[in-house]
Amino acid sequence: MSLSQNVLELSQTVVAADRNATTETLNGALNKILSPTFRATAGVIVDISNARSAEFASVVHGTENGANEIRADDAAAVIDVVDELDLIAFRNSYSRISDAKRLAKSSTPRGVERSTATLGILYARKSIASLEDIAEELYRLNCDTDHLFWPDMVVVASVGVVNYAVQFPGEPVSGDFLPPHPLAFRNGTPPIYVVIVMRSTQHYTFNKMIAFLVSYLHVFQPAAHIKSLNWMEMLQGVPTSAVTLLGFQPNLKGQIVPVPRDEYNDRILPARPIGIEDQAGNALATIAYRKWQDGAIITLIGKLPLEGLLIFLPNVNPAHLRIVRRSGFQISYVLPVSQNQFNAFLNNLQQRSYFVINKNGPGFVVQKLMDEGVGTPFVARCWLGLLRLRENVYPNKDDRDAFDKIFQAVLSSVMAARTAAKNVEAKWQAHSAKIASGEIVRIEHGTVHILESIDKEIATEVETFVNTSVRSIKTGLQNLGNFLGADIGFLFKKKAAFDSGLERLQNSDPLLARYLEEVRNWTEPLIGVRNDLEHDLWIVPRISYTNNGGTVSAAEPTILGLGATRFTNDYADRVMCFVEDLVAHLLQVRMPAGVTVTEVKRADRTAEAPERFRITPAVGGAGAWEIGYRADRFEEI
Numbered sequence: 001m002s003l004s005q006n007v008l009e010l011s012q013t014v015v016a017a018d019r020n021a022t023t024e025t026l027n028g029a030l031n032k033i034l035s036p037t038f039r040a041t042a043g044v045i046v047d048i049s050n051a052r053s054a055e056f057a058s059v060v061h062g063t064e065n066g067a068n069e070i071r072a073d074d075a076a077a078v079i080d081v082v083d084e085l086d087l088i089a090f091r092n093s094y095s096r097i098s099d100a101k102r103l104a105k106s107s108t109p110r111g112v113e114r115s116t117a118t119l120g121i122l123y124a125r126k127s128i129a130s131l132e133d134i135a136e137e138l139y140r141l142n143c144d145t146d147h148l149f150w151p152d153m154v155v156v157a158s159v160g161v162v163n164y165a166v167q168f169p170g171e172p173v174s175g176d177f178l179p180p181h182p183l184a185f186r187n188g189t190p191p192i193y194v195v196i197v198m199r200s201t202q203h204y205t206f207n208k209m210i211a212f213l214v215s216y217l218h219v220f221q222p223a224a225h226i227k228s229l230n231w232m233e234m235l236q237g238v239p240t241s242a243v244t245l246l247g248f249q250p251n252l253k254g255q256i257v258p259v260p261r262d263e264y265n266d267r268i269l270p271a272r273p274i275g276i277e278d279q280a281g282n283a284l285a286t287i288a289y290r291k292w293q294d295g296a297i298i299t300l301i302g303k304l305p306l307e308g309l310l311i312f313l314p315n316v317n318p319a320h321l322r323i324v325r326r327s328g329f330q331i332s333y334v335l336p337v338s339q340n341q342f343n344a345f346l347n348n349l350q351q352r353s354y355f356v357i358n359k360n361g362p363g364f365v366v367q368k369l370m371d372e373g374v375g376t377p378f379v380a381r382c383w384l385g386l387l388r389l390r391e392n393v394y395p396n397k398d399d400r401d402a403f404d405k406i407f408q409a410v411l412s413s414v415m416a417a418r419t420a421a422k423n424v425e426a427k428w429q430a431h432s433a434k435i436a437s438g439e440i441v442r443i444e445h446g447t448v449h450i451l452e453s454i455d456k457e458i459a460t461e462v463e464t465f466v467n468t469s470v471r472s473i474k475t476g477l478q479n480l481g482n483f484l485g486a487d488i489g490f491l492f493k494k495k496a497a498f499d500s501g502l503e504r505l506q507n508s509d510p511l512l513a514r515y516l517e518e519v520r521n522w523t524e525p526l527i528g529v530r531n532d533l534e535h536d537l538w539i540v541p542r543i544s545y546t547n548n549g550g551t552v553s554a555a556e557p558t559i560l561g562l563g564a565t566r567f568t569n570d571y572a573d574r575v576m577c578f579v580e581d582l583v584a585h586l587l588q589v590r591m592p593a594g595v596t597v598t599e600v601k602r603a604d605r606t607a608e609a610p611e612r613f614r615i616t617p618a619v620g621g622a623g624a625w626e627i628g629y630r631a632d633r634f635e636e637i
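Per the working numbering: the sequence shown ends with 637, consecutive numbering throughout.
I should point out that these hints are in silico values taken from the structure, not numbers from a laboratory. On a predicted model such as this, the values are computed, not experimentally measured, just so you know. Worth double-checking, as some hints may not be accurate.
Each computed SDA-like pair below joins lysine to any residue, with the alpha-carbon atoms no more than 20 Å apart [as the list claims (entries may be wrong)]:
#1 LYS303 to SER241
#2 LYS493 to ASN467
#3 LYS303 to PHE329
#4 LYS105 to GLN236
#5 LYS456 to ALA433
#6 LYS397 to GLU171
#7 LYS397 to PHE483
#8 LYS474 to ALA409
Pairwise CB distance ranges, derived in the manner of DEER restraints [to be verified]:
#9 ASP536 to THR240: 55 to 65 Å
#10 GLY237 to LYS494: 46 to 56 Å
#11 ARG352 to ALA104: 45 to 55 Å
#12 ASN358 to GLU391: 31 to 41 Å
#13 ASN187 to SER327: 22 to 32 Å
#14 PRO172 to ALA496: 40 to 50 Å
#15 GLU24 to GLN236: 49 to 59 Å
#16 THR240 to SER95: 25 to 35 Å
#17 LEU537 to ASN360: 17 to 27 Å
#18 GLU608 to ALA496: 15 to 25 Å
#19 SER95 to GLU24: 22 to 32 Å
#20 THR460 to ASN358: 13 to 23 Å
#21 TYR139 to SER327: 22 to 32 Å
In this text, a Cβ means the ideal position worked out from N, Cα and C, and glycines have one as well.
Please build the complete structure, drawing on both the sequences and the hints.
Take a look at the structure:
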């Protein structure tokens, strides 16, 4: 039996234990894994000043301790067991773990490299709160608590875990974040994000918890050989997908604090890189400045050693001029450097070396796309929201680029249709207002003279709307469906072919089949209008005017039984809903194991970016969204 399978088998005894036997069963399982170097017992922690913690179901400690009272110096971890977790129980457990972490410990002798912190784990047998609820509450409580006293992991048996992970700028999430030593940042602040992650580990949840605990024990007591346990082997078979929530980052004081909102990916504009060249004009590297809490980091792409360049920074402690090497680039530690000081550094570098600083290299092109941003539902949902989903399906840049190329064609057609619908409404409202006021009306001998004609303009906009709407769904969505492995071409065929295709789809994706059956009710007449326009079988009717005893009224052109403005607005809603629903669904079924898509209630969407969908753990999350047809207007969904 592999180590992973052994831990999995032990977890089954813990999960199967009733409420009263959980503590004993949990400690029994831990002791089979950790002994003889460590023991897990119920008890309290007592520090050198005789301050005491609450009693914990499990305290992992050195075996020389007594049965119930554990010296703080020997306490490697505490596990607080909660029978049924809700937010009140979570806050109480957070407080107990935080207080245990505050207990005083002896200082580490100089030259000894080990962590002295007490790892804190909350273990819940079951939970009323979702993993999202727990993660969001963890973030709120952490914002008001020193990072040294944060709980390190929340475990919901057979569901999943919430903990922290490390992320470097410009990269995806790396490994788990273990509690640092109180003096961990005394020699500089590393350029890392500490992000809250949720994992749907399901029946491997205990494996994840034990691997996390064992990895920390190797840091807490590096000389210990815990039966030569390899925590990586414990993770065999454990789902690796994680849902990232909110994040923190260390400042110059070594405090881990919330990342400012304008530093998140959807807000930050990357700094313009500056070229470093030799005397012959050959590019050697690019360097960039990036603000970071109360300081900044400096990044470099190229073969030049960043640490060799940083010595030209004025008035910076040489001990802090450390760097992190990542794949393809280098990052400085957080430095007390302003933008002006960075500029002075570049001048100093050029004057005192053979390097040439080129500030005139290619920068970024920021182009206006529309008169609206992510604060509007269309941009937030059909653009930002769907692109966020695709990041989880296509982590590879080449795959993302291939998706984006087709997706951009869909969005371009939808945007053109929206613009045409708005133009129809604007032109009609302006014209009808002039008619009502008599501004463009003259009646002579019973004959009505209309002094302005918008028939051609309305017809042009309606034709543009119809053509771009059909192109977005028949060409764009069909191509995107093919890219995502779903053939929806039968939706646009005659009834026999449609029925046959629908029957096939019902076997593989019944929810989508039912959805497309409803969609057919409006796509078929819309495509019929487009076909009639293409073959000159139909033209947009003219506006009609009626003289009602000296008062003239105007009637809109009618299309499919609807006035032109109602027709374009209603069908624009249907097209936008179709694009959002279909793309979200096709991405959802291709999500990696452990994650899915959930729908955010309208009341819970943020005003700055009211996205409808987000990623959630497949088990224990906010609940998976299921595609289903709704006839509501786009902004009411």
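Going through the hints against the structure:
Using a Cα cut-off of 20 Å, the hinted pair LYS303 and SER241 is violated, with the two alpha carbons roughly 33 Å apart. This hinted pair checks out: LYS493 and ASN467 have alpha carbons roughly 17 Å apart, not beyond 20 Å. At roughly 9 Å between alpha-carbon atoms, LYS303 and PHE329 fall within 20 Å of each other, so this suggested pair holds. Between LYS105 and GLN236 the alpha-carbon distance is near 35 Å, which puts this suggested pair outside the 20 Å criterion.
Of the supplied pair hints, the one linking LYS456 and ALA433 holds, its CA atoms being roughly 18 Å apart against a limit of 20 Å. For the suggested pair LYS397 and GLU171, the alpha carbons sit about 12 Å apart, so the restraint of at most 20 Å is met. The hinted pair formed by LYS397 and PHE483 meets the criterion: a straight-line CA distance of about 16 Å does not exceed 20 Å. Only pairs whose Cα atoms come within 20 Å are accepted, and LYS474 paired with ALA409 is accepted, the gap being roughly 12 Å.
A beta carbon spacing of about 58 Å between ASP536 and THR240 agrees with the range 55 to 65 Å that was offered as a hint. Between GLY237 and LYS494 the beta carbons are some 49 Å apart, a value that agrees with the proposed interval 46 to 56 Å. Here the CB-CB span from ARG352 to ALA104 is close to 49 Å, well matched to the stated 45 to 55 Å. Range check, ASN358 to GLU391: Cβ separation about 33 Å, and the 31 to 41 Å hint holds.
Here the CB-CB span from ASN187 to SER327 is close to 24 Å, well matched to the stated 22 to 32 Å. Restraint check, PRO172 to ALA496: a C-beta distance of roughly 48 Å satisfies the suggested window 40 to 50 Å. Restraint check, GLU24 to GLN236: a C-beta distance of roughly 28 Å breaks the suggested window 49 to 59 Å. Restraint check, THR240 to SER95: a C-beta distance of roughly 32 Å satisfies the suggested window 25 to 35 Å.
At roughly 59 Å, the beta carbons of LEU537 and ASN360 sit outside the given window of 17 to 27 Å. Taking 15 to 25 Å as the suggested C-beta distance range, the pair GLU608 and ALA496 does not conform, at roughly 49 Å. Taking the beta carbon of each, SER95 and GLU24 are about 25 Å apart, inside 22 to 32 Å as hinted. Evaluation of the 13 to 23 Å hint for THR460 and ASN358 yields a failure: the beta carbon distance comes to about 49 Å.
As the Cβ distance of TYR139 to SER327 is approximately 29 Å, the hint placing it in 22 to 32 Å holds.
Violated hints, in rising order: 1, 4, 15, 17, 18, 20; the structure is consistent with all others.
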